[in-house]
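Work from the hints to combine the two standalone chains into their complex.
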Amino acid sequence: AQSVTQLDSQVPVFEEAPVELRCNYSSSVSVYLFWYVQYPNQGLQLLLKYLSGSTLVKGINGFEAEFNKSQTSFHLRKPSVHISDTAEYFCPPFPGFQKLVFGTGTRLLVSP
Amino acid sequence: ETGVTQTPRHLVMGMTNKKSLKCEQHLGHNAMYWYKQSAKKPLELMFVYNFKEQTENNSVPSRFSPECPNSSHLFLHLHTLQPEDSALYLCASSQEGSYEQYFGPGTRLTVT
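If you read the protein sequences in the order shown, they are chains S and Z. With our numbering applied, the first sequence corresponds to residues 224 to 335, in that order. With our numbering applied, the second sequence corresponds to residues 18 to 129, in that order.
By construction, these hints were calculated from the structure, which means they are not laboratory data. A quick note: this is a predicted structure, and the numbers were derived from the prediction, not measured. Heads up, a few of these hints could be off.
[Stated by the list, open to error] Ranges of calculated distance between the beta carbons of each label pair, as one might list FRET restraints:
hint, chain 1, residue 1, chain 2, residue 2, range
1, S, 287, Z, 112, 17 to 27 Å
2, Z, 22, S, 324, 23 to 33 Å
3, S, 279, Z, 117, 36 to 46 Å
4, S, 274, Z, 70, 26 to 36 Å
5, S, 330, Z, 71, 39 to 49 Å
[What the hints assert, rightly or not] Pulled from the structure, derived: some chain Z residues nowhere near chain S, Cβ distances all over 10 Å:
hint, residue
6, 52
7, 76
8, 86
9, 100
10, 103
11, 104
Each residue gets a CB set at the ideal place from its N, CA and C atoms; glycine is no exception.
Bound-form chain Z, shown alone (with noise of 0.2 Å):
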């Protein structure tokens, strides 16, 4: 594996279901990321981990539950989620200091 991967790449889940979604980078970076990318609204920041910590968090409902147990992955846990919730997930990384962030394939989620 190359890059940014992440798993699944389509979820879907009913409003009581709890669910993870999967980051995992292979280009040695020690920064993560989570964004949020419904349509046609801007690409939201949801997460920001540097080595390990989570530096960022831009007041997104505790429905979703950011891990990131090493500087490789990173996990976005999902419960009781709600059908505005429905978009594409992607998970990106960079190099600390580094301008260019790195983006994986996204899971496209959908709440029933």
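Okay, chain S solo, but in the shape it has when bound (with noise of 0.2 Å):
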């Protein structure tokens, strides 16, 4: 089984900061982990996937995330925020196919 946690439930930074949003993760099988976003009046979207091989996983929009075995993270990383990454961040388990459990995300809040 796997299950994970999102560590904050809201983080502020402001514009052209570096930011990283958390999630520790807990499998006694093989991992898949993911990161969802989710912009304001809209549906989600997988913003990157790690299922095996290289440990930093890029996605989009600059996004990106590297997978810790031994710190058992998988904790998503900009360099630089937008105004428009303002949005929330999900970190869901992975049970199994077509049993993604979102949780309550990570709100993301960038300001000028």
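Below, the structure is given as structure tokens:
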């Protein structure tokens, strides 16, 4: 079974500053990890995913995440955020196909 | 139209009304989902359909009735709803065996 914890419910940051959204996981089986993003008044979309291979995963809109097995983490990072990055970010566990559990997410608030 | 579309985008209904939400996917997928997103609550998976067959029903009250006439269309029929049913209802689709789900923009439902 796999579970994840998003450590922050809200992250305020100024425009052009770097940001890290934290996600820790625990799993007794193979690890599949995802970040989804939900912009205001929109549905969710896949930002990036780790299934296997390189531990540094690059996603859309300049985001990247690193799978760290020793720290059981999959934190999302961006070196310089824009106002348009204001959104809700989800790191759902993967209990199986079609069983993603999205949780409450982390709200990223970017201000000028 | 591309991706996943949902109509209407906004709906206000009384507790005695009957209405339907519509979802259509233009991606050739064979699995479709209904989710409920309430303020400050985790995203809840309601129903899953694979090849038009319902494979998941997460203890959803009978006042919500899904219908999947083919792999491209999904409906959610609503009747005698309660004010606590007010939420954003999201539809998603995926290819069987895929990790990625594609979401529509949602229908914002208000029950008065």
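Now the hints, each set against the structure:
Roughly 25 Å separates the CB atoms of residue 287(S) and residue 112(Z), a value that falls within the hinted 17 to 27 Å. In this structure the supplied range 23 to 33 Å holds for residue 22(Z) paired with residue 324(S), their Cβ-Cβ distance being about 25 Å. Range check, residue 279(S) to residue 117(Z): about 20 Å between beta-carbon atoms, so the 36 to 46 Å window is missed. One distance hint, 26 to 36 Å for the beta-carbon pair residue 274(S) and residue 70(Z), holds here, with the actual separation near 27 Å.
For the hinted restraint 39 to 49 Å between residue 330(S) and residue 71(Z), the CB-CB distance of approximately 33 Å leaves it violated. Against chain S, the non-interface label of residue 52(Z) is violated: not every CB pair exceeds 10 Å, the least being about 8 Å. Listed as a non-interface residue, residue 76(Z) keeps its Cβ farther than 10 Å from every Cβ of chain S; the least gap is roughly 15 Å. Its beta-carbon lying about 20 Å from the closest one in chain S, residue 86(Z) satisfies the requirement of being farther than 10 Å from that chain.
Chain S leaves residue 100(Z) outside its interface by the beta-carbon criterion, the shortest separation being 21 Å against a cut-off of 10 Å. Distance check for residue 103(Z) against chain S: the nearest CB is about 16 Å away, which clears 10 Å, and the non-interface claim stands. Consistency note on residue 104(Z): stated as away from chain S, and its beta-carbon is indeed over 10 Å from all of that chain's, at 13 Å minimum.
Hints 3, 5, 6 from the earlier list are contradicted by this structure; the remaining hints agree with it.
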